[in-house]
Each structure stands twice: as structure tokens, then as C-alpha cells.
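Take a look at the letters that make up each chain.
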Amino acid sequence: MDQTLELIREARLMKGNEALAEAAIRAGVQAYFGYPITPQSEILEYLSREMPKRGGIVLQAESELAAINMIYGASGAGARVMTSSSSPGISLMQEGLSYIASAQLPCLVVNVNRGGPGLGTIQPSQGDYFQATKGGGHGDYHLIVLAPASVQEMADFVFDAITLAEKYRNPALILADGALGQMMEKVELPEEGSLEYPEKSWATVGKPKERERNIITSLFIQPEKMEKINLELQEKYRRLKEEVRYELVSTDDAEILMVAYGLSARICQKTIDLAREKGIKLGLLRPITLYPFPEEAVASFASKVDFYLVVEMNAGQMIEDVKLSVNGSRPVFHYGRMGGMISSPEEVLSKVEEILETQSVSNTSTGR
Amino acid sequence: MDQTLELIREARLMKGNEALAEAAIRAGVQAYFGYPITPQSEILEYLSREMPKRGGIVLQAESELAAINMIYGASGAGARVMTSSSSPGISLMQEGLSYIASAQLPCLVVNVNRGGPGLGTIQPSQGDYFQATKGGGHGDYHLIVLAPASVQEMADFVFDAITLAEKYRNPALILADGALGQMMEKVELPEEGSLEYPEKSWATVGKPKERERNIITSLFIQPEKMEKINLELQEKYRRLKEEVRYELVSTDDAEILMVAYGLSARICQKTIDLAREKGIKLGLLRPITLYPFPEEAVASFASKVDFYLVVEMNAGQMIEDVKLSVNGSRPVFHYGRMGGMISSPEEVLSKVEEILETQSVSNTSTGR
Amino acid sequence: MIRGTVHFKIEICKGCELCIVACPQESLGLSNKINLQGYRFAELIKDNCTGCINCALVCPDAAITVYREPKSALRKSGKEAVEVK
Amino acid sequence: MIRGTVHFKIEICKGCELCIVACPQESLGLSNKINLQGYRFAELIKDNCTGCINCALVCPDAAITVYREPKSALRKSGKEAVEVK
Amino acid sequence: MQINDSIEGLELVYQRPATLTDTPFHYCPGCGHGVAHKLLMEVVEEMGIQENTIGVAPVGCSVFAYHYMNIDMQEAAHGRASAVATGIKRVLPDKFVFSYQGDGDLAAIGTAETIHTVNRGENILIVFINNGIYGMTGGQMAPTTLIGQITSTSPYGRDEKLIGYPLKITDMIAILPGAFYVTRQSVNTAGNVRKLKKAFQKSFEFQKLNKGTCFIEVVSNCPSGWGMTPVEANKWMEENMFPYYPLGDLKVPRTEKEKGSNNA
Amino acid sequence: MQINDSIEGLELVYQRPATLTDTPFHYCPGCGHGVAHKLLMEVVEEMGIQENTIGVAPVGCSVFAYHYMNIDMQEAAHGRASAVATGIKRVLPDKFVFSYQGDGDLAAIGTAETIHTVNRGENILIVFINNGIYGMTGGQMAPTTLIGQITSTSPYGRDEKLIGYPLKITDMIAILPGAFYVTRQSVNTAGNVRKLKKAFQKSFEFQKLNKGTCFIEVVSNCPSGWGMTPVEANKWMEENMFPYYPLGDLKVPRTEKEKGSNNA
Amino acid sequence: MHKAHEIIFAGFGGQGVLSMGQIIAYAAMIEDKEVSWMPSYGPEMRGGTANCTVIVSDSKISSPIISTFDSAIVLNQPSLDKFEKAVKPGGLLLFEESAIINLPTRSDIEILSIPANEEALKLNMKRVANMILVGAFLEKRPIVKIENILNALKKVLPERHHHLIPVNKDALAKGKELVNEEIKL
Amino acid sequence: MHKAHEIIFAGFGGQGVLSMGQIIAYAAMIEDKEVSWMPSYGPEMRGGTANCTVIVSDSKISSPIISTFDSAIVLNQPSLDKFEKAVKPGGLLLFEESAIINLPTRSDIEILSIPANEEALKLNMKRVANMILVGAFLEKRPIVKIENILNALKKVLPERHHHLIPVNKDALAKGKELVNEEIKL
Ligand SMILES: Cc1ncc(C[n+]2csc(CCOP(=O)(O)OP(=O)(O)O)c2C)c(N)n1
Ligand SMILES: Cc1ncc(C[n+]2csc(CCOP(=O)(O)OP(=O)(O)O)c2C)c(N)n1
Ligand code: SF4
Ligand code: SF4
Ligand code: SF4
Ligand code: SF4
Ligand code: SF4
Ligand code: SF4
Ligand SMILES: [Mg+2]
Ligand SMILES: [Mg+2]
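These protein sequence lines map, in sequence, to chains A, B, C, D, E, F, G and H.
330 is the number that the working numbering gives to position 330 of the first sequence; each next residue is one higher, with no gaps.
Throughout, the working numbering is defined as the position within the second sequence, counted from one, plus 368.
Throughout, the working numbering is defined as the position within the third sequence, counted from one, plus 736.
Throughout, the working numbering is defined as the position within the fourth sequence, counted from one, plus 821.
Throughout, the working numbering is defined as the position within the fifth sequence, counted from one, plus 906.
Throughout, the working numbering is defined as the position within the sixth sequence, counted from one, plus 1170.
Throughout, the working numbering is defined as the position within the seventh sequence, counted from one, plus 1434.
Throughout, the working numbering is defined as the position within the eighth sequence, counted from one, plus 1619.
FYI, nobody ran anything at the bench for these hints, they're computed from the structure.
Heads up, a few of these hints could be off.
Computed list of lysine-lysine pairs in DSBU-like fashion (alpha-carbon distance at most 30 Å, straight line) [as the list claims (entries may be wrong)]:
#, chain 1, residue 1, chain 2, residue 2
1, H, K1773, D, K854
2, H, K1759, H, K1774
3, H, K1759, A, K270
4, E, K1067, F, K1368
5, H, K1745, A, K270
A few chain A positions that, by computed beta-carbon distances, are all more than 12 Å from chain F [unchecked claim]:
#, residue
6, Q30
7, I57
8, E62
9, L65
10, S91
11, E199
12, I215
13, I221
14, R245
15, L248
16, S300
17, S329
18, Q359
We put the CB at the ideal spot given by N, CA and C, even for glycine.
Same shape as in the complex, but just chain A (with noise of 0.2 Å):
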């Protein structure tokens, strides 16, 4: 450990949490509250040791229930938040996450995905974008979701997502998982301070005499004042959908699309490889915002590829929204491994030879 303290000294070779929380201090979070899990404790170190040097405030909850609310009551309280966790700890955060996101409070929070369900393994896993997308906590809301693949980007999107937190007035998740956390790659941090404090006058920073006072609340009692916040929030990710992030590798000529997030993305592209080899025309789409989900851009290739896969490191969730995405026109597949277990780049290639197999008898009886 206190090797790695010097070499990321030089922030260069960084561990993924360990960019994260040094680009969350450069991206000028005011407060972090959080409590030990693996595989992320090292953004809570992290903080606690840089966060004192540097006019930061960092407090180890009693638990991650209390930190997200701590989390609520700065946010509401006007200042740049976040919070981290793993699986479990993020489930314990679903109430206040669903409070955050009706009081419409901006706020960052990390989930370093583990193996579940239950305790589980503490190894990288993708088992929880159905919470992260859908919603874990009661009632309609949504979260935005960005899903970094490498070091640098563990880095970046701490950017991105508080840019999109503050403008929105929404909670922003970073779903990464374990192997993000734990791996060293080479990482270009950020400019510390680039990132302005946008205005807040909602905040409840004190109320001056020529104001209203200013409430942070989600209670609506009378329904009809409940469904004006919720058509606004339908509203809000509806206008979200400009936000929507992707990336495309080896798309232009691809027959078969294969979709993939976080690790399982840089899996893929390894297949990519691989593939074009034996010759089989192998593409990617990254989807980079989980929430707002990329459906135009998976739908826009149903005309040019034969079906897609969809490669998780789960038993098939993200899988959902792209056949909500595609709609039918086309077959979409699943390949997915569970329970902290990572699929090897030969693997999804024979799962694709696999198809292309079935695929092709089926399309001589069905004519598909």
C-alpha cells in the first residue's frame, strides 16, 4: 500500500478509484461522505488523505445509509457532493437515492460493482445496472448513468457526470466495476478548478430577508402536486436524452453489432480482433451514458447487421434495453458471465461463431 501511496504520487499509473477520487478533488467536490466496501475503499483513503491538504471535507459515515443522506443534506445545502460504494452498499442507499432524485438534488455517487446477488464476491461485476438504469428505489426516477472503461476515464467522467448532475438537478451514477477500481493504467488527470460552481439559488444556505425561504423536500401530499413533480421529472430525462454518449469501434462495415459497456466493452474489442482474423465482421457500440440509454444509435444499425450480441458480465439486463431499442428487427443475443466471473475475448468469439451457426440454419428454414 504505501508503494502504491508513492507512485501515484507522480499520478500517472493510477488504480482506478484512486483517479477517481484525485479527479473528484480537481473537479472541485466540496464534500465526500462515505463507508468502507471493497472494491472501493480506496476513494474514501484516497480522500481522507488528500482531502484535509486541500480545503476538502471528507467524513466516514456510520454507514452508507447515513452517507447518502449526508449526502442529501450538503447537496441541499448548495455543495458539489459525492459518495461511493459497492453493490451492497449502494442497495442500502435506494430510499435516499429515490429521495435525492424527487428533491431534484444534483449530487455524484460511484458504485464499483461486485458480484451479488446477496454478499456475493468482491469481484468486478456488471449485476447491477438494472438498479443503476431502472430504478432500485420506489417510484419513477431515473438516474444518470455514465459507465467508464478504463483508468482515464474513472478520471474524466467525474467530470462529466457532476457537469450533468449540476445541470440537470439529478443524482449522477458512475457504474464501474471492481476490475476499474482495483487495475492500474496510465491516467492524464484533469485541470484542477475548470469545473464552475453553477449558481444555486435553491439551496438552503440561510434565507435572506428578500427571499422566500428555500425547502428541500420530495412530500407531496395531495397527488395532484405529486404528479406535477413527476411529469416535470419525465420532462427533465426526456430532455436528458441530448445527453446520450457512445462509442463505436469497427461499425462501419460490421455485419454483427456486438453492444457492450465498461470492461465487458474492452472484452469486446479484443474479440474484434480476433474476429476480423477468421474474417467475421465484428462490431462495437459502447453505450458511455447507461441512463440516458443510446437507443437511437443501437436502432440506427438494425438495417445494416445481421443481429446483435449483447455482452454483459450478468445475466442479461442491459439486454433489455437494446431489444427495446431494436424493437424486433432484428434478433439480439446475450453472452454473459455471473457472479464476479469475466468472459475472455476467445469466449465471446465462440459465442458469435456459435450464432452465426444457428443463425445461418435458421435463416435457410425461416428465410429471416
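We have chain A already, so just place chains B, C, D, E, F, G and H with the ligands on it with the hints.
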């Protein structure tokens, strides 16, 4: 309240919450752990009165978090157990539910859904569909989800839910809404003691010399093992498809199929009457199991109806499952009110008519 | 005896009677009328109020305003009362 | 002096040395050999063990078995020791 | 009867504080929440800290406190008010921050947050309204419900063998080093109201001096939940709650003690 | 050196209890968890209650306790062990139930469950391993971490002004009426090990008699988390932990006290 | 009689509005009608109004949640203010006389003021005021038979409270009487 | 040299296995190669093994998680037992001599036993044993230049530890030497 008590003594005109509670006793629930929250506190209150007299255990926990973990312990110890709450309280249970699903413990959880997100309102809602069916907690797991639509079903489904939970060693959720919990209707209660207790050889009841110790856990630190657990779960979810339940109303000659559950389905029934007076051939498919979702049944109408209309008390959640079932072969529309608002049969009919208009336009123009 | 009086915001009074039992002078009672909320509201029923503010202190709805004679001799303690409320 | 001896399950010993510091007779030491886990394990280095079980009590890995002379005179207290462990 | 209520020649000695909005409280007749609200806002007015005070009220009957208190406020999730207040205070250390919590909120679901907030010595005021019941949800047993007390979830009276004794969380709080000032007051008489107000005053003064957590338990009533008239409720409270939850200071700063506080 | 380790003529006076499985502990060398596990299982063996004992271990280094303890066991979510144990005990009131929890688990995230379980007087044994740190997750600050102690999340030493004083949760527990027997023991010397074992014995005896919650704090070490050798760690524990967490009984049943317990 | 009759009962908690609805629903159930009873619930009860809606119908009831009513029985001013406008044209608005300061103003509905509290005091049973209102209501809208209200009471009240049935019967009768007096005016 | 070289370093926590990997990764980064470093993490560290994998590549690295290796540098018996079989045929297995009781048995890989602890004691710096192993490894698989290891150390060590660079340099050299001795055998 006193009068209520007296009225229900006759057990014929009962509140949904109370009918459910009484049914739980009759279904042999041995222990209930819960925490008050509107609109379902009557369940805890009823059981507080009745359980002590009838030999069951009832304990008001210090929180929903404690309650769900008491459920874990008691279910692991072999008892037939139950908890109930409403939306924010259910959010607090997400970590626990993920553990219970992973450890494969049977139990009954009741969510009397209110309007969210956040503190929201206490009025009825179906805003927790995603949370209930996709898994609000972390990892790949599913609850068995049943959606009653009357006080009678509030009682009946307790038996069904427990039967399924024990058969599959999986938590089962009854997803009702505030109206179903609070309203009184005529109800005929199932016979007490008709539900047998299955053998639970896995339960931690104390290890006799002749058997290996029993362990209740969801921790499998080796991802290889955790993946095996996950594969087991997925296999179970596949088997669960046999348990799909739904109801069809006026579908024989239907040209438009509404899909709705719970209270929304009742409203749609009225809409059917109104529509048919106007010569519009509406039908309704009411999913009773929300998980497993009746995807085949829904899909089977694709060749018969012009379009689908999903009616929910939310911003559009079950519509995703309907779309996934229909897979693009017919248009699927949504009508929903949010935040505790309830649509009227007339509103739904207007929506149908509105779609009919635009559809006929687009039919002419696109020939679809 | 010091002279005082109380005014009630009758629209927000809920007729809880706590002011009535708190009044050392037994100056207060419930009206036979009801307010828009449907509550019988509190009112002065005797002319002996001393402006001691007890009723106002215990009123959960902050419905009572109290006035008191500013006798020069009493001025100081009157001020005090304002400060302590 | 009572005669005793100790046996170690060396495969599970982790060489923590807690037994060594706990032994009033200074009878124990670390071996220069390592076990399959890579730990230098504890061993008896003197012949003066009294079987007092101190080492066994503090061993976090329950790796120590203790034997003791059942002198008729000492039998009773020896029994006691078994009971207290 | 013709009563003279003319104010001619009289001087205003008490009025509703301007720090309360004009919205009438939604509380049941006689509910102690109203008294506590009023006093808190009187102190905020008198100390001139309206512009610098941020309140937190979680779910419970007082969830709508922000309709009444004319200051910036946050509504918190059930049990999490002190965590929310911690979040606010940490980023706005120069402001006055208080949480206002019921017994269900503070002593049941929020136990962990309460204890850790005080243990950290967060420099806030925690107002703890102990009415021995869950008022808002319709009268269920609270951790502070008395032995034998009948509520909707202890229909045969609270039985300590099944559910334990009423939790004196304030006593537990008082032993934490982070707690600077801990007191238990009530709202039933003019005298007690004055003491409670004094406690609010002191707490804000201590907060200004960064002394740590001030914790005020207010033994209060719930006429609706208890099924009594307000007058009966206050009497029941005096006879049953006060013996178990005796009023007075549980922890007073040394200098305070030496000065001989006239509190309780 | 040739040492005579023949057992000829000797009698077996101590061996690993049969209630432990053959699986070697995964704990770091010298970790106090091992001692506590061993003693607990010795008592279960000696009292002949293996068939009637159910244990609960939550996340923490001892999460794998079920690999070692040869009894029926449940693994619990972080902080929820006492709620899980409550669930078990309520439905199996005649069985012996214990939870075995770390300081992060019991005194941070699980504070509410801990306090309410004891307040209800759940008739279980709570074993509380206080090693002043989060061992499993790699050495973060725990609620019980000492002032000035350096951990990965208190890299400049725990600062009471920022995070408060180490939480003596056992002292808080002891004042609850539901707590029947509360004691603080350790694992560092043969003498203390004997006392701890005695405490386990008593607790199960009390449990048989339905006395309420027995709560045993075990002041323990974490050589890895503290960055010390086991021998250094035990010394550091004696010099630093014991003064702040003094060993001995915090609450002894009256009859016990009268009998003059030789404990601590 | 309509195929379905939709009623709201509104007043303070404690005035017995919830049980008025329940007893009518129960009586209708005895008559083999479809019924639903839906209370207002939650914190708006604190110091405010309580109400319940009852639907009595010859056919299956879809939504139990309704926002306009065939009849409204109102026991305090806030409820009158809130629900006067929710009565369907041609519907019935019946209120307790002493509870209302600002009278209703609509002219497209039938409005009845019943001095139930006063009459209840005369019957020496303050708690039967609501039964007087039920009697009055049923006289105007005989959606269930009075005898079935009594049958319902018999089934619903525990044996030890059966001695209260006669006074309830009187109250129902008094309600009927008041309506007819009223009409005579 | 391969296009990519995949290595595992495995031993106890505290033996410096994680930093061995880091320093090689850092040196490779100086040489403008693509690198990834991935540790084992979590509770299996308790009383067990720690390890990290390093990938050094000329092109972009896809998955940092790998299960077979070009080289394995092993510092204790459990790691040898676990990772011997994970070395790719033709790969390199290098282990610390004194830590291993049961020797590896594979014949399709190159196996080297380095008495790093012994030599480190001779250098009077027990903590540089891992640098001796790095030196030995790089002699066998020169995926980065020794001088860049030293450059990396310079960048990575805080000023106040720069006096340690010479002894590290010696250790690296010693490792190289040992390999060549070994080969001579
Ligand atoms: C997570 C969650 N659980 C339960 C509730 C329901 N609830 C709202 S307030 C309350 C308790 C109120 O009691 P208390 O805190 O004592 O306040 P009071 O109303 O008595 O002033 C409960 C259980 C909720 N809103 N959220
Ligand atoms: C909800 C949740 N939060 C955090 C964690 C991560 N975690 C596992 S164990 C632990 C703390 C361990 O410390 P302690 O309870 O003191 O036990 P020890 O390892 O020291 O024996 C933490 C924070 C988790 N598993 N679940
Ligand atoms: S001010 Fe004093 S005397 Fe006057 S009415 Fe109020 S309590 Fe009575
Ligand atoms: S105390 Fe206040 S609310 Fe109560 S009766 Fe008196 S004036 Fe009215
Ligand atoms: S039994 Fe006693 S004397 Fe013998 S080795 Fe162990 S501690 Fe030493
Ligand atoms: S105490 Fe046990 S583990 Fe430690 S050195 Fe001695 S025998 Fe080995
Ligand atoms: S329910 Fe109780 S606490 Fe709530 S407002 Fe009414 S009296 Fe007050
Ligand atoms: S980390 Fe600490 S508590 Fe955990 S096993 Fe190692 S020494 Fe024991
Ligand atoms: Mg309360
Ligand atoms: Mg610990």
C-alpha cells in the same frame, strides 16, 4: 377504528390490509416482523392483535432494515415468515432482499405501493414495478411477484405467494397499492391450516449429530462458486415460467388489448364496458404474476389485435415487459398517471380513442 | 392588580382548552360559536386578565396575543416579560 | 515439577509466536523450517514443559495439544484443568 | 357577557413570532409540536439568526414544519434527520443547524444516525419530541411507549417481556463525550415552556461557540394517538411520562453548572 | 536439539475442540478471532449444546466463521447480525443463539440493531470483537479506533474534533434494562482467555434461563490492520486499548454479584 | 335507484364518518349488492378532515376511488368547502346543521340541513348523531333497507353492545322524521 | 519479445509483490508501452496470498484480468501451488528459493529458483529481495530496460527515499547475476 375492528370480526367486509393479515394467519405464517408505514400499517396492527391469540409471533422491528433481516434469520431457521411495508420502507429492504434471494430463503414480502419517488404521497401508485420485478437490490436476482386486484385477492394471493416461495425457495412479493390496502370489500377467507409445511432440511435449527451443519449464506468469495449460484438462480427463474398467471377479459373478439394489473386493471374493466358501448372492441390481459411475466400470453395477441395499450399508475414501467414480449410486431402504447393519481375509466377510453385516430392516420400513410 | 388583555386569532384556534387551564385568573373559556375549521374557539370570559402571558406560552397554535398595562412602576418587569416571552 | 509436553499441528501453525511468549517455562520457539503455508512454525525447544496449557489457551489457531503427567497427587487438579481447559 | 378587551393604554407583551409563517399548523388540537415550533422560532427571532438558521425535519407529524418555520429547511427521510443535518453543517459550519425529530424517528429507525451524530459531536441542535407514540402513522408503539401503554401495535399494552422497556435514549446520549448539553424539558405548563425556551436559547449559543451537540428531549403529548382530550393528555403525560422521563438537565457544561443554572 | 515430546505416561489435558471443523482458520497470524472462535466452540462442546446452538456471523473478517464452527450457522448482512439472531431466536426460543460481530459491524452500521436487540432483551448472546479497526476491508477506522490511531481512513490519526471519541458502545448497552450480563474481556493472556471462556459459559447458562441479552465485548487485536507483529499487537492492545476499554464486568446479575464473581 | 350509488361521508375524525360508510356498505352487502368502502388516509387526518367513499352497485365495481359523488354527507365546514363542488348535478348534499357556518350555494343539487347533534343530545346519546344522518340519508336515497342497517349492526356489534341497537334504531327513525319535517317546510 | 507480456507476481502480503508489479508497469509506461496492473484484492488476503498481474503490451490492452501467464514470479508455497499450472507452455516460472518446499513439476516451462532472501540478507537489506527477483526476471524476459526500472524508482520514490536507489540497483544487478549463475549450472 374501533368500529372497523368490530366489522371485521365477521370477516366478510374487510380492508385489503386486514384481509391479507388474516389470510397470513390462516396460511400458517409463523412470524411477522414489520414496521409501521402508511398505507399498510393495518397489517402490523391487525397481526399485533391477532397473532398473540393465535400462537404466532409478531414483532414491531426498529426499522424496515431490521425487519427484513429478522425475516432472513427466521426464514433461515425454517419458519414461515412475512413482512410488509410501503415504497420507502421497501427501498430500505433492498439489500436484505438481495441477500434473501441469494441465500434462497422463502418468505413473503408485501409492498402496498404509494406514490413516489422520495417521500412522495401516501396515495396509491404502481411506481415500484421496476423495483419489484427487475430487482431493486444488487445483483442478478428476481422476486416472485403477484399483483392482486381486489380485497379477495389480497387474501388469496397470500396462499399462492407462500406456496410459490416455498416451492422455489425464493422470496415472493405481493405488490398491491394503497387503494387495495385501504378499501373494504366483501371477502371470503380461505380455510385456516390448509397450507402444509414443507420439509426444510436446509434450515438452521441446530445440527444433529447425524447431519452436516446447515449454513445459510450468500457469500461465495470464489467467483467460480458465485457463478454457480447464479446459474442455479437463473435455472430456477426459467423453471418459474411455468407458474405464470394472468386473467383475460373480453379478449375473444378484442381488436385492442389493454395490459394492466392491480387497481389499473379494474379501471380498465370499466373502460371495456364504456368502449364496447361505443363499439370499440377492447380487451384486457391482466398479469397476475408480474414476475414471471406472462410474456407468451401477451405475445400471443400480436396476431389478433391492432395495438396494445399498457395502463399503469406510473410513468411507464410494465410497458417495457409488454414491448419485450410483443417484440415490435405491434405498436405498444402507454397511459399512466403518477404520484398517487388514479386514472378514470373515461381517461383511459379517451387515450384509446386518441390512439385510434392517430393510428388510422398512420395506417393510411404507412400502410401498417 | 395589573390590567391586561388577550386577543385570539380565532380562525386558527383549535379549542384545545390548554390556555383555559393555564390561566391563573380563570379568565378564559370556550365560545359557543365555532370557527371555520369547526372548532369552538377560546375567548376571554372575565375582565380580570393580568397579561401574565401564561395562556400564550402554552398555546400550541400561537393564536394568542397579550397586552399589558405599562405602569411606570411595573415597566421594568413588563419589559422583562417581553424578553422572556 | 510436573512433566508435560505439547504437540503442534504444524500444518496449521502460523508462527505468530503468541504461544512462545505465553509459555512461563520458555519452552517454545520457532522452527527454522517452514510449513506448506510458508510459515515458520512453533516447536518445543526445551525439555521443561509442565503441561500448564497456557500456550494452548492463547493459540489463535487451536494448533496445540497438551499432555501432562497424571501424578496421583496431582490428579485432582489435573482434572480441574481439563474442565477449565 | 360583555368583556373589555380593548388594548387602549396597554402594551404588547406577547405575540406570535414573525419567524412563523401565517400558515395554521395542521397539528391536532393541543398537540405539543405546536408549542415546540413556536418556541424554537421565537428564539430564532430573538437571537436574530433567521438568516443563518437551517432546519431539518424528517417524516413524522412535524414533517411539514417547513410550512410553518420561516427559515430554509430540508425534509429528511424517516430516521435520517441527523445525518442530513450533519451534511448541512459540515458544508456550512458557520450556520445554525437543527434537526427536529420524533421518537419513532430518532429512537427507532434513526438510532444509529442519532448516536453517531452525537458521538461525532456534530455542532448542531437536536430537538427530540418524545410523545411516546408514532403520531403521524396513526398511533403505533414507539420505542418510548410506556409499559402497559395501549397503542395500535401494542393492543394489550406494551409488554417489556416481548418488546423491552421504553428506551431512554437521552440517557444513553448523555454519556457520549460528543454531547455538550443534554436536557429533558416539556411543554405542559407556562413554567416548563419558559425552561424549554431557555434550553433552545442556550443550545444556539453553544452552537455559536462550536461546543458540540446539544440535545433537547421534549416530553410531549399526542392527544390523538393517545385517544384523549388535550387537557387529559397533558395530565396523563405529567402522571405517567414524567416519572419515567424526569425533566431536567442530563448534562450541563461545567461552567454552566458552576454558574448554578436555574434549569429544572 | 533433541526434545522429548513423547506422551508416554502422560494424559491429554488440552486439545482442539471437536466442535471446530478441520478447516484451518483463514485469519492472519496471531489474530484474536481464532482464540474467540476456539473458546466459544469449547464451551459449546463442554456444555453439550452443539445440537442446539445456532450462530450468526455477519460480514467482517469472521464472516467465514461457519467454515470453522461445526454448528448450524447463518451469515448476516453487514451490521444486521443481531436482527438476524432475533429472527432465529423468536422462532426457535429453545435453541441457543449467538451473534458474533466486529466493531465496525456492531458499533457503526449495526448500531440501531444492536441497541434495539439488547433493549428488547432478546435472549441471545452477542459476542462483540472490538479490534478497533475494520479488519476485513483492509484497516479502515472503526467507531472504536483510538484517538490518534492511524488507519487507512484516519491517516493523520483519529481526530476527535472531526470524528468524535471512540464509541464505548458496551457502556451504553450496559444501561439498558434488557441487558442481563455485560462484560468486557480479552484474549491476550492465558488468564484472560480463561475469563473469557467463563463469560461464554455463563452467557449460555443465562440464556437457558431466559434471562435476557448477554453481551460480551472481546477487546482483540488486528495485527494486519495495525501493521504489527502479533506479539507487538498484543502489547499495543494492552497499553492502549485496555486503558480506554478496561476489562471487567459492566453488568452482572445481582445474584452473581452477591455470590462474588471471580470475574475480572 | 341508480345502478350504482356513490357517496362520500366527510367530517372530523371521531365523528363517526368512517363507520357511517361502513354500516351502509355492510347493509348493502347483506342485500347482495357489490360494495366498496374507501377511506381517506394518512396525515391529512391530523387536525383535519376524515372521509370515506362508499359505492353500492348492482354490478362489479371497478375503481373504488372516485372524485364525484351522487351523495355527500358532510359533518364539518372544511368538508363542505371541499366536497360541495364534487356532488354530481342532481345529487344530494346533506349536512349537520350546527357544524356549518357558511352555507352551501349550489342550486343544481338537493341540499338538506339536519340538526343531528341537537337531536342526538335530545336522545341523550351524543354518539348517535351519525345514525340520525344515516336515517335521513336513507330516507332520501333508499339504497339499502333500514332493517338491513339494523341487521348489519347486529352482525357487526359484539354481543355486549347489542343493547345499543334500540337507540340506533331510534336515531335512524329520527333521521327519517327530520327529512320529512324538512320537506314540509 | 512478445507483442504483449502477461505476468503474475504472487506471495504473501508484505513481501512486496504488489510493488514488484507496479515498478515494472511504471517502467514500461516510461517506455511508452501500454500497461495494466491488477491486484488480487479482498479478504482472501487475510492470512493468505496476495498477487498482482501485469500486462505490458505494444497495443491497447483489453481485459486486465487474465488467467494464464507468460511469466510467474512466486514468493510462497501456496502461490506456487496455485499458479504453476497457470503458466503458458513455454513460459517462465521464477520462484524464491527458501519459500518453496514442494518444488514445481512442470517440464514444459522454464523454471528458475532464485535465493533472493538469502542474497538480500547478504546485501543487508531484507526488503530488496523482491528487487533481486525483478532483476532476475528482467534478465530472462527483458520486457523493460533496467535503467527504466531505476528511472521509475526515481520518479516514484519520494526525495527522502532516494538514498535507497543504489541498493535497489545492486539488487537488480544481483538478480541478473543469479540468473546467469543458475544458467551456468
Ligand atoms: C422508511 C420509512 N418507514 C416508515 C415510514 C412511516 N412513518 C412516517 S412518520 C413515522 C413515525 C412517526 O413517529 P414519530 O417519529 O414519533 O413522530 P410523531 O409523528 O410522533 O411526531 C413513520 C413510521 C416512512 N415514512 N418511511
Ligand atoms: C453494506 C455493506 N457495507 C460495507 C461492507 C464492507 N465491509 C465488510 S466487513 C466490514 C467491516 C469489518 O469490520 P469489523 O466489523 O470491525 O470486523 P473485523 O473485520 O474487524 O473483524 C465492511 C465495512 C459490506 N460488506 N456491506
Ligand atoms: S394573560 Fe394570563 S391572565 Fe390573561 S388570559 Fe392569559 S393566562 Fe389568563
Ligand atoms: S391554547 Fe390556543 S388553540 Fe388552544 S384553545 Fe387556547 S387559543 Fe385556542
Ligand atoms: S504447556 Fe505450558 S509449559 Fe508446556 S509449552 Fe505450553 S505453556 Fe509452556
Ligand atoms: S500460537 Fe499457535 S499459531 Fe501461533 S505460533 Fe504458536 S502454535 Fe503456531
Ligand atoms: S397525531 Fe399526535 S403528534 Fe401528530 S399532530 Fe396529532 S396530536 Fe400531534
Ligand atoms: S485483518 Fe485483522 S481481524 Fe482480520 S484476520 Fe487479519 S488480523 Fe484478524
Ligand atoms: Mg412520536
Ligand atoms: Mg473490527
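Sort out which numbered hints this structure fails and list those numbers smallest first. 1, 5, 7, 8, 9, 10
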